[in-house]
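Chain residues, written in single-letter form:
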Amino acid sequence: MDILKICAIGLISAIFALTVKQYKPEVAILISVSAAVIILFMVADYLVEAVTVITQLSERAGVDDALLSSILKIIGVGYLTEFSASVCEDAGNKSIGEKISFAGKVIILVVALPVLSAVIDIISEMLL
Amino acid sequence: MSVDVIFKIAAIGILTAVTGQILKKSDRDEMATLTTLAGLVVVLMMVIDMIGRLFDTIKSLFSLY
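Here the protein sequences come in this chain order: A and B.
When you read off a place in the first sequence, starting at 1, and then add 10, the result is the number in this note's numbering.
When you read off a place in the second sequence, starting at 1, and then add 3, the result is the number in this note's numbering.
Simulated from the structure, these hints should not be mistaken for lab results.
Quantities reported herein were computed from a predicted structural model and do not represent experimental measurements.
All C-beta atoms, glycine included, are put in the ideal place defined by N, C-alpha and C.
Treat the hints with care, as some may be off.
[Unchecked claim] So these bits of chain B aren't anywhere near chain A, every CB distance computed over 10 Å:
(1) K27
(2) K28
(3) E33
(4) M34
(5) L37
[Unchecked claim] Distance condition first, Cα-Cα at most 30 Å in a straight line; then the derived BS3-like pairs of lysine-lysine:
(6) A:K104 to B:K27
(7) B:K62 to A:K83
(8) A:K109 to A:K83
(9) B:K27 to A:K115
(10) B:K11 to B:K62
(11) A:K115 to B:K62
(12) B:K62 to A:K104
(13) B:K11 to A:K15
(14) A:K109 to B:K62
(15) B:K62 to A:K15
(16) B:K28 to A:K31
(17) B:K11 to B:K28
(18) B:K28 to A:K104
[Said to hold, decoys possible] Short, incomplete list of chain A residues facing chain B, as computed with Cβ under 8 Å:
(19) I22
(20) S23
(21) L40
(22) V61
The task is simple: from the sequences and hints, build the whole structure.
In structure tokens, the structure reads:
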């Protein structure tokens, strides 16, 4: 199972980051960033599987493409902003991390607006 | 994307720290700062390359263009 490898990698790199922290704090942060990247890469192929299944289901259910692509975009933006915000907080820069997550929220809002207007159009058609 | 990258980065970090100490002891302080900087740049290049690859895969996965 991959999860065992992921947990082992996380623990080992946490310990390495701690040992190197006393000599070189910046290299310790780079170790934790590289561990995060490796773990995300191990999860990536599961993610590809999930995304393909979601796209197939949505095609069968007749959901139009714009809606699905905006949903995937929102997930991707959330994924990236969470990753970089946590790295920034790890490096001790809480304010930059919060700015990144705030920017991510704004971008997600902008991507979600057309979906919102589509829903409202459908509702108004039904009511009128 | 295997685990040995983490060990390489840790090794480089410790190596630069040790060489910095040695150079400081033999009163060559400017060399010490240079070696620490060089080690940091090498590690930074490796990590930036990994992060770039990760962002490319996520971009292609979620079609985030």
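Ascending list of hint numbers which this structure does not respect: Failing hints, ascending: 6, 9, 18.
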